[in-house]
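Protein chains in written order, with the working numbering: chain A, 68 to 400; chain H, 2 to 320.
Watch out, some of these pointers could steer you wrong.
Stated by the list, open to error - Straight-line C-alpha distance at most 27 Å; calculated DSSO-like pairs for lysine-lysine:
hint : chain 1 : residue 1 : chain 2 : residue 2
1    : H       : 263       : A       : 347
2    : A       : 273       : A       : 111
3    : A       : 165       : A       : 111
4    : A       : 203       : A       : 161
5    : H       : 309       : A       : 318
6    : H       : 84        : A       : 347
7    : A       : 371       : A       : 340
8    : H       : 13        : H       : 263
9    : A       : 347       : A       : 273
10   : A       : 79        : A       : 111
11   : A       : 97        : A       : 156
12   : H       : 204       : A       : 347
13   : H       : 146       : A       : 275
14   : A       : 97        : A       : 135
15   : A       : 112       : A       : 97
16   : A       : 203       : A       : 79
17   : A       : 161       : A       : 273
18   : H       : 124       : H       : 84
19   : A       : 340       : H       : 13
20   : H       : 204       : A       : 273
21   : H       : 146       : A       : 340
22   : A       : 111       : A       : 156
23   : H       : 13        : H       : 34
24   : A       : 276       : A       : 111
25   : A       : 275       : A       : 318
26   : A       : 340       : H       : 84
27   : A       : 318       : A       : 340
Since the hints were derived computationally from the structure, they do not count as laboratory data.
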Amino acid sequence: MAEDLITVKELKMHFPLQKGLLDNLLAREKLSVRAVDGVSFSIKKGEVLGLVGESGSGKTTTGRMILKLLEPTSGEVFYNGRSIFSYSKNEMEKLREKMQIIFQDPYASLSPRMSIGKAISHPLKIHALYDKQEAKQVCLAMMEKVGLSPASFLYKKYPHQLSGGQRQRVVIARALVTRPDFVVADEPIAMADVSVRAMILELMIKLKKEFDLTYLFITHDLATCKYICDRLAIMYLGRIVEIGPLAEVFKNPVHPYTATLLDAVPVPDPTYKRTHPIPKGEIPSAINPPPGCRFNPRCNLAEKSCREHDPELARVGEDHFVACPVMSTRLRS
Amino acid sequence: MNNIILDIQDLKVQFPINIGTVRAVDGVSLKLKQGEVMGLVGESGCGKSTLGFSILRLLRTPGRIASGRIFYHGRDIVGMSEKEVLKLRGRRIAMIFQDPLTSLNPLFSVGRQFVETLQTHEKGINKKEAIARAESMLESLGISKERLQEFPHQMSGGMRQRIMIGMGLILNPDLLIADEPTTSLDVIVEAQFLDLLADLCRKFNLTIILITHNLGNVAQLADRITVMYGGTLAEVGPAGDIFHTPLHPYTQGLLASIPNIKLDQPELTPMEGSPPDLVNPPSGCVFHPRCPQAMEICTRQRPPAFQKNGHQVNCWLYR
């Protein structure tokens, strides 16, 4: 069995809300947005973990903390068994070669004033991995690999001269040019055109095999997970409510929120009818999350205990964990 | 036929810009029946939103309707004076947009925005009546009437989008153009909103043009579907047929490349190439450079609309 490449333990990110003078004078309680509130999971080498949730569930914040792009309030992230917060600045710089990120918006994440050849070889320059001539060769080779061909022709182009799909390929090439082994892909296809999405997804799968990559695939779209992820972690209001192998979660979703989410996915088939009613209401504010299980106000299985006790992830099957005591008890009996 | 509410004939919309003319909509003809939900599907840049905007004559400069006719209940919108169009906007034809936050005024309470809409369009309505109308509208949207006093920022995204549609419907229009109404919403809220839209369609006897790039959305709601590509029509047909027996190679490619969570399809089949440049569109059929079945004639001549199995398909394969 492959070993864990990334382990996340009890990660929390609370963004404090700015207090006014009056709040200070009256010594009012400090408020914070609990974007991520105690998240633990691990990703094996060569695995694709899908981190799924609605906006505001904390999935992007989690991804950024794993790369230390955000300093967490508490918790640990281990890369190959060593906490990344124990790395010195120099060591961390070295580690960044191995951990990269693909952003959602290929329009905002590329400098309009940098030719794409420059953009892609920029990480090589920062990490001083090759001399100038070699760097160009490495960059050109990577461009061919991501389907930016003819590379020598596109090398001098600027982002505005490329299509949306090509830009996303540039972003991918830039992330992979330092040969990382772990990549956080934050909604990599959300901005792409419908007909281009499948192409980007296929490219990511191909590159994963070729470069032996491990992905954290952050998305709000469960349907795309089906084609790339090995395991799924479902987030709701800063917590993981269910985590398990993709096929298992799709076939037997245990947490009521997972079931709802799966059911709400629009199906491109007019004859398809939903099996569950869609719950009312929306994801509540992360400033004052509901006590107990955070999903309880919208859950039709909620019992009194759900409002009182914060549920922990409990094992319900092979590698399958769910934070819902009601369902776990039902499954056991 | 009397029940044709909208009849678009050979519409061309162009945007002259410094490097040439963008042919955003290039010869589109489409008929809409009263009470039907028409899904208008395509990728970004295919002209679907431009088509929607031109029905209300809301094109932004330098966009202009170059030629063609849009008959609404038999009257040509293209030839109308600005004053006449004003009478249609909101009152007869309503439009809701993608982002409810930028479409609502942040400085006024939602109630005040309802009242303003009513008082602008219906002379002589007093404030009390207007508020009563707004309250009953909120009820059909599933929002408690107390929230009329709230401001847009106090509401969630889903609720704002419901307010938007309420404001669109308060003047009792019979045609609603919804431009990507659920794109900024999360899946669960999106499903709620689509259910509401279906409900309102029956209740108010609405005809809806649902503009979207999400084929899953239209599948749930639309009676008929129009697929656009590069400013032209690719295929028009009943929703069931479009999904189960698509004829146009573009529709087929699009359906094979989108994920379907309920299907046992292990991988997607991506479509080659990218959408066309509308300043210099390809000769003949705009889809031919990406089409796996392109023939010699496709490179030369734009395909007209052919009728096949109850679809309209603009493709030489069905000559």
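Now for the hints, and whether the structure bears them out:
Annotation: proposed proximity of residue 263 of chain H to residue 347 of chain A holds, straight-line Cα distance about 23 Å (limit 27 Å). About 18 Å separates the Cα atoms of residue 273 of chain A and residue 111 of chain A, which keeps this hinted pair within 27 Å; it holds. Taking the CA atoms of residue 165 of chain A and residue 111 of chain A, the gap is near 15 Å; set against the 27 Å cutoff, the hint holds. About 21 Å separates the Cα atoms of residue 203 of chain A and residue 161 of chain A, which keeps this hinted pair within 27 Å; it holds.
Between residue 309 of chain H and residue 318 of chain A, the direct Cα distance comes to roughly 39 Å. Violation of the 27 Å bound is thereby established for this hinted pair. Distance restraint check for residue 84 of chain H and residue 347 of chain A: the Cα-Cα separation of roughly 42 Å exceeds the 27 Å cut-off, and the hinted pair is therefore not satisfied. For the suggested pair residue 371 of chain A and residue 340 of chain A, the alpha carbons sit about 32 Å apart, so the restraint of at most 27 Å is broken. Taken as a hint, the residue 13 of chain H and residue 263 of chain H pair is broken in the structure, with Cα atoms around 39 Å apart against an allowance of 27 Å.
Only pairs whose Cα atoms come within 27 Å are accepted, and residue 347 of chain A paired with residue 273 of chain A is rejected, the gap being roughly 40 Å. Only pairs whose Cα atoms come within 27 Å are accepted, and residue 79 of chain A paired with residue 111 of chain A is accepted, the gap being roughly 22 Å. At most 27 Å may separate the alpha-carbon atoms for a hinted pair to count; residue 97 of chain A and residue 156 of chain A exceed this at roughly 32 Å. For the hint linking residue 204 of chain H to residue 347 of chain A, the alpha-carbon distance of about 21 Å falls within 27 Å, and the restraint holds.
A distance of roughly 53 Å separates the Cα atoms of residue 146 of chain H and residue 275 of chain A; the hinted pair therefore is violated under the 27 Å criterion. Between residue 97 of chain A and residue 135 of chain A, the direct Cα distance comes to roughly 25 Å. Compliance with the 27 Å bound is thereby established for this hinted pair. With a C-alpha separation of about 40 Å, the suggested pair residue 112 of chain A and residue 97 of chain A falls outside the 27 Å cut-off, and the hint is violated. Simply put, residue 203 of chain A and residue 79 of chain A have alpha-carbon atoms about 41 Å apart, too far for the 27 Å limit, and the pair is violated.
The straight-line distance between the Cα atoms of residue 161 of chain A and residue 273 of chain A is roughly 26 Å, inside the 27 Å bound, and the hint therefore holds. Straight-line distance between C-alpha atoms of residue 124 of chain H and residue 84 of chain H comes to about 16 Å, which keeps the hinted pair within the 27 Å bound. This hinted pair does not check out: residue 340 of chain A and residue 13 of chain H have alpha carbons roughly 38 Å apart, beyond 27 Å. About 50 Å separates the Cα atoms of residue 204 of chain H and residue 273 of chain A, which puts this hinted pair outside 27 Å; it is violated.
The straight-line distance between the Cα atoms of residue 146 of chain H and residue 340 of chain A is roughly 32 Å, outside the 27 Å bound, and the hint therefore fails. Straight-line distance between C-alpha atoms of residue 111 of chain A and residue 156 of chain A comes to about 26 Å, which keeps the hinted pair within the 27 Å bound. Distance check on the hinted pair: residue 13 of chain H and residue 34 of chain H sit about 22 Å apart at the alpha-carbon level, within 27 Å; holds. Between residue 276 of chain A and residue 111 of chain A the alpha-carbon distance is near 15 Å, which keeps this suggested pair within the 27 Å criterion.
Distance hint between residue 275 of chain A and residue 318 of chain A is fulfilled; the C-alpha atoms sit about 25 Å from each other, no more than 27 Å. For a cut-off of 27 Å, the pair hint linking residue 340 of chain A to residue 84 of chain H is broken: about 45 Å separates their Cα positions. A C-alpha spacing of about 17 Å is found between residue 318 of chain A and residue 340 of chain A, which places the hinted pair at or below 27 Å, so the restraint holds.
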